[in-house]
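Listed in order, the protein sequences are those of chains A and B.
Numbered according to numbering that gives the first Met the number 0, the first sequence spans residues 0 to 134.
Numbered according to numbering that gives the first Met the number 0, the second sequence spans residues 0 to 134.
Read the hints as simulated data drawn from the structure, not as lab findings.
On a predicted model such as this, the values are computed, not experimentally measured, just so you know.
Accuracy of the hints is not assured; some may be wrong.
If several chains are the same, the list does not tell them apart, and a pair holds so long as it fits within one copy or across any two.
Stated by the list, open to error - With a straight-line cut-off of 27 Å between C-alpha atoms, the simulated BS3-like cross-links for lysine-lysine are: (1) K22 / K113; (2) K113 / K124; (3) K107 / K124; (4) K113 / K35; (5) K127 / K113; (6) K127 / K56; (7) K12 / K107; (8) K37 / K124; (9) K37 / K12; (10) K12 / K35; (11) K56 / K19; (12) K107 / K127; (13) K22 / K107; (14) K12 / K127; (15) K37 / K20; (16) K127 / K19; (17) K36 / K124.
2 protein chains.
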Amino acid sequence: MKDRLFRQTKQRKFILEELKKLKTHPTAEELFLQFKKKMPNLSFSTVYRNLNFLRDKGEILELNLGKYSSRYDADINQHHHFFCLGCNRIFDIYFSSNDMLTRHIEEKLNFKVKYQRRDFYGYCKDCKGKTRDKT
Amino acid sequence: MKDRLFRQTKQRKFILEELKKLKTHPTAEELFLQFKKKMPNLSFSTVYRNLNFLRDKGEILELNLGKYSSRYDADINQHHHFFCLGCNRIFDIYFSSNDMLTRHIEEKLNFKVKYQRRDFYGYCKDCKGKTRDKT
DNA sequence: TTAATTGCAAAACTTTTGCAACGCT
DNA sequence: AGCGTTGCAAAAGTTTTGCAATTAA
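Based on the sequences and whatever the hints tell you, model everything.
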């Protein structure tokens with residue numbers, strides 16, 4: 000297997016820097032539209048290719064929540080997400096992990112857990128009162 | 000808001016019954032191909048429409064793991080999933096929930112958790128030895 | 001009878017890819 | 001110079017939709 004050289008292009012650098020500024024977990028399209036303002040001839044495929052590249056290198060996270068567009072997060076500290084069904088915002092959930100279940104999977108089932116995702120869906124503080132959904 | 004009548008068609012009944020027999024978390028396409036053997040003029044859109052219908056009614060789960068095809072699960076008992084990065088199989092993980100984190104989100108953040116997903120990715124017992132990935 | 005549902009085909013939407021030109025190293 | 005990367009357009013893959021015909025209630 001041959002060593003591959005990776006180049007630091009201005010597009011790649013720009014994409015990572017801008018994503019790091021955002022706490023909103025944007026889609027590729029949202030990023031593209033926003034980036035285009037500062038870098039007018041940036042193309043959609045370059046955005047996708049770099050998001051995939053950065054995800055593969057572990058520099059960003061790709062969150063595929065729904066069937067449609069993935070969302071991206073440049074915060075790679077271990078954390079979970081809360082999706083508000085009311086306003087569609089995504090909240091970061093930081094946690095201290097004392098994790099029985101992971102231990103169970105590794106020790107009892109003899110699997111190896113490489114990573115995990117835990118997604119919560121519900122109503123945030125702001126939306127809780129506004130919904131008719133009282134279940 | 001008007002009451003809507005839902006009909007029990009033979010396609011809908013068939014789709015739910017067949018999915019219940021499967022423990023393999025198939026995609027819509029896999030289901031369609033398999034169903035077509037027993038119901039030759041079933042159409043792809045009927046499969047999709049009924050999977051969406053059953054999901055909205057809470058009778059099945061739609062698991063959207065990757066960017067691509069959703070997978071479906073007729074086991075609606077609360078459980079998690081383990082995705083084997085080696086063989087791509089999906090294992091059901093049943094758990095007893097004594098859940099600090101959910102409680103934290105509901106009590107400290109004052110959010111309402113409606114449902115949650117926890118997905119594990121790693122190597123199952125069979126694949127653990129075969130991979131070069133020793134991290 | 002009538003409105004929900006089906007089957008078919010086309011459309012919609014997200015993401016990837018082929019290719020020539022460009023630009024890091 | 002060499003080859004990774006870009007921009008553009010076209011393609012690929014998944015899911016939804018419009019519509020006339022069918023069928024459950």
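Here's how the hints hold up against the structure:
| no. | hint | result |
| --- | --- | --- |
| 1 | K22 / K113 | both (25 Å within a copy, 23 Å between copies) |
| 2 | K113 / K124 | between (33 Å within a copy, 13 Å between copies) |
| 3 | K107 / K124 | between (38 Å within a copy, 10 Å between copies) |
| 4 | K113 / K35 | neither (36 Å within a copy, 37 Å between copies) |
| 5 | K127 / K113 | between (35 Å within a copy, 11 Å between copies) |
| 6 | K127 / K56 | between (38 Å within a copy, 22 Å between copies) |
| 7 | K12 / K107 | neither (43 Å within a copy, 38 Å between copies) |
| 8 | K37 / K124 | neither (35 Å within a copy, 49 Å between copies) |
| 9 | K37 / K12 | within (13 Å within a copy, 54 Å between copies) |
| 10 | K12 / K35 | within (14 Å within a copy, 49 Å between copies) |
| 11 | K56 / K19 | within (15 Å within a copy, 39 Å between copies) |
| 12 | K107 / K127 | between (39 Å within a copy, 14 Å between copies) |
| 13 | K22 / K107 | between (37 Å within a copy, 21 Å between copies) |
| 14 | K12 / K127 | neither (39 Å within a copy, 36 Å between copies) |
| 15 | K37 / K20 | within (14 Å within a copy, 53 Å between copies) |
| 16 | K127 / K19 | neither (30 Å within a copy, 34 Å between copies) |
| 17 | K36 / K124 | neither (34 Å within a copy, 49 Å between copies) |
Comparing the model with each earlier hint shows violations of hints 4, 7, 8, 14, 16 and 17; every other hint is respected.
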